[in-house]
Amino acid sequence: MSFPALLATAPDIPAPLWLITVLHGLTFVLHTAAMNLLVGGAFHLASGGGGRRLAAALPPLFSITVTLGVAPLLFLQLVHGERFYASSIQMGWLWIGILLVLMLAYYAAYACDGRYRRDQRPAGWLRVAPFAGLMIFSFVLAANVALSEHPEVLGGLTNPGLNLPLVETGVWLRWSHEIVCAIAFGSLLLLILAHGARRDDPERAQRLTSRGVRTAVGATLVSVLLGVGQLMTSTDHVGGALAGMGLGLGILAGLAAIGMMVLYGRGPSVGRLVGAGLLAIVALTGKTILRFAMRASRLEDVPEAPIAEHIEVGPILLFLVCFLIAVGALVWLLRLARPTPTAEAR
Amino acid sequence: MFPNWTPEGPGLPGLIAIIAVTHVFVAHFAVGGGWYLILTERLGRTRGLPHVVGHAERHSRFFVLLTLVFGALSGVGIWFVIGLAAPDSTFLLIRTFVWGWAAEWCFFLIELTAALLYYKTWKKISPERHMLIGWIYAISATITLLIINGILAFMLTPGAWTQTGSFWDGLLNPSYIPTSAMRIAITFFVAGCFGLLTSGRETDPETRRLLIARSARWVAGGLIAALPFFYWTKAVLPDGAVFLLERSLEGSEGAVPFLATMWRMGGLAFAILLVGSVAIAMIKPRRFPMAGGLAVILLAFFAYGAAEYTREVLRKPFAVRDVIYANGILVDDVERYREEGFLTQFEDPEWLAGASAKERGYAMYKRQCSACHTIDGYRGVRIRVKERLAKSGDKAVVNMLGVMHKAKPGERTIWVAMPPLVGTKQEVKALETWLMGLVKPDELGRSGE
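Protein chains in written order, with this note's numbering: chain A, 1 to 346; chain B, 1 to 449.
Okay, chain A solo, but in the shape it has when bound:
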């Protein structure tokens, strides 16, 4: 297959490209935030920390991460479908297979929760299974996206189905950086759980907090090294000023988030916890800007079907109205779910 010959023409996109890009970025940040909590949580479950409360948090986090991932996947296909489908096809069996892996990881998380509910400690392999599944899933996903951003590698592949070029796309560094970052930010989940446990079990809350802060600091150091390595190996596609802004924002906000987590460890308060969470989201936004800028830079010279816009306002309004309804409904639902006095709850 010769890559430039993929599509001579492609259907128009039904919205301004800038709007799609902004929505793609925003939904990707939301998805990444949930994913970080999930990966961080699964890491701590696998390594024996967190216990019952953590196990109970993982299944909903799986659901939230998957559902929040639908929108960025949609926008990715809309703009980069041409290359994304091509790279998915190249690794077809793996691409389908990882869903099964993710499903098993998901059920393993439910099984862990169930064991704890029955006052049993889940077996070691069961505690490791969600994290292992997430590692496999994220690796293949990262490999797919990385391949889609390397059309020169994509174009040279034959016999689709089991192709998984790793070295040429630099996916090892990219994936390991993402995962270690996720463990760093995801350790915030332990702080959130610790905060909830402060009144009932202050000793346990302290243990969770210490563990969360230690992991966050350690993982941040490793992720900085991996991130530098990733940048150094892609010096020809660093993405210009926008990428620089994303990088700076990511590093500064990321370090500030970790700093806030350390401060929380010294003196827990809601403000510090919320601050750490918000700073982590800003850091993820910086990472997303960097990622988008680097992708744009990498694909600058790739000849592909031009993206023409055929804008129809009605459907965009439909989405915006639905989005507002969703935000309102979510707030309403969370208010409805606030615990009521025992006498009322039957």
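Certain hints may be false.
[Unchecked claim] Pair by pair, the computed Cβ-Cβ distance ranges are: (1) A:12 with B:359: 33 to 43 Å; (2) B:225 with A:167: 50 to 60 Å; (3) A:18 with B:291: 53 to 63 Å; (4) B:120 with A:310: 36 to 46 Å; (5) A:167 with B:123: 51 to 61 Å; (6) A:203 with B:10: 32 to 42 Å; (7) B:165 with A:321: 19 to 29 Å; (8) B:123 with A:330: 16 to 26 Å.
[Said to hold, decoys possible] Among the chain B residues that face chain A by a calculated CB cut under 10 Å, a handful are: (9) 75; (10) 77; (11) 94; (12) 103; (13) 105; (14) 149; (15) 369.
[As the list claims (entries may be wrong)] Coverage of chain A stretches by chain B, computed from C-beta distances (three or more under 8 Å per stretch; other residues unrestricted): (16) 66-80; (17) 175-182; (18) 324-332.
Think of the hints as simulated: they come from the structure by calculation, not from any bench.
Even for Gly, the Cβ is constructed at its ideal location relative to N, Cα and C.
Fit chain B to the known structure of chain A by using the hints.
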């Protein structure tokens, strides 16, 4: 056009069928099951039946485990697999309906949050608030169905969209209303089937009797409510789809015999479920064994699978009727490919210059046939070539390819489920060479006997 992946065994169409049918069955449960839960909880609370409320609570755990895990991930699986099997069509659909899917995603967020909270807040919040969460779940889940069905119906009946290109013409297409209503009715049917599965496990005899009969009424009611909308849907089917169905039911040459089989077997399965559920609702048995519940689910799954298969085949030879064929070739490009050549558009010129006829034929197969066929697995072409040669003699393949090459599906009376064969005469000849090469000479000899 994208690279081709041509796995054997189930092939890509088989993979799509496996993932899509199981997903859509569970997705219908996710909608109907929401109504089942909230209406069961309401029944229990308004009539002061704590065991019935308890059933709703237990059913909600089963519901969450099935719909939020399997349902959600198999939904992503459909995205994955259609992107592999039919990337051109998927790309077209994404770029046409991205805002529809984005709007659906908003209701997914509500649905997911409501499902988790409904499951997690039993006995923790007041019944009124808990039920309100249940209502929000049921309504948002139904809205997701109403949106996604617009896109599914569009593929069968794109209607005015082919002229206007308008999102609304595409979404609110001719078969939108009847298929949406039919699907909603079917969600109640599916919910009733799963209700039968879990009701039989209740320990209180009177509660069990009540819930078994009630679930059976959901099964029967869903099917009866779906019936008029089924006939309405049939009435708005495009001529080509009706023609394909009629030819297949008649057993005509070049139709789809398996469509007739699935149509009849699916109809029979639905009929058995209807009669059986009416009987259960009237008899109101005190027991309904687990095996019986599982049998109902399996039969419902089969019937549902047959219905989905029928819908998919009736769309053939198109992925989106009158717009893009199942193999990703745009209707508007057919004549151009016939004049300018097909492989030259996509393959490396250097490779093409040195490729043998068999190699070019295989490339034609991969790009034009493998979306629906494998070589030796699902809808295998080797066995079909052998059968055709055995039945109609040595010229059978060349004759068939000739017919497919010269006419559009609408102008043909046979093989109407197949897209037109495009390319130059040499390219068609290369495909013939490759196809004939699938059968060994001695088999050819026998086949000619």
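Going down the list of hints, with the structure as the test:
no. : hint                         : result
1   : A:12 with B:359: 33 to 43 Å  : holds, 36 Å
2   : B:225 with A:167: 50 to 60 Å : holds, 58 Å
3   : A:18 with B:291: 53 to 63 Å  : holds, 58 Å
4   : B:120 with A:310: 36 to 46 Å : holds, 44 Å
5   : A:167 with B:123: 51 to 61 Å : holds, 55 Å
6   : A:203 with B:10: 32 to 42 Å  : violated, 55 Å
7   : B:165 with A:321: 19 to 29 Å : holds, 22 Å
8   : B:123 with A:330: 16 to 26 Å : holds, 23 Å
9   : 75                           : holds, 8 Å
10  : 77                           : holds, 5 Å
11  : 94                           : holds, 5 Å
12  : 103                          : holds, 4 Å
13  : 105                          : holds, 5 Å
14  : 149                          : violated, 16 Å
15  : 369                          : violated, 16 Å
16  : 66-80                        : holds (count 11)
17  : 175-182                      : violated (count 0)
18  : 324-332                      : holds (count 5)
Comparing the model with each earlier hint shows violations of hints 6, 14, 15, 17; every other hint is respected.
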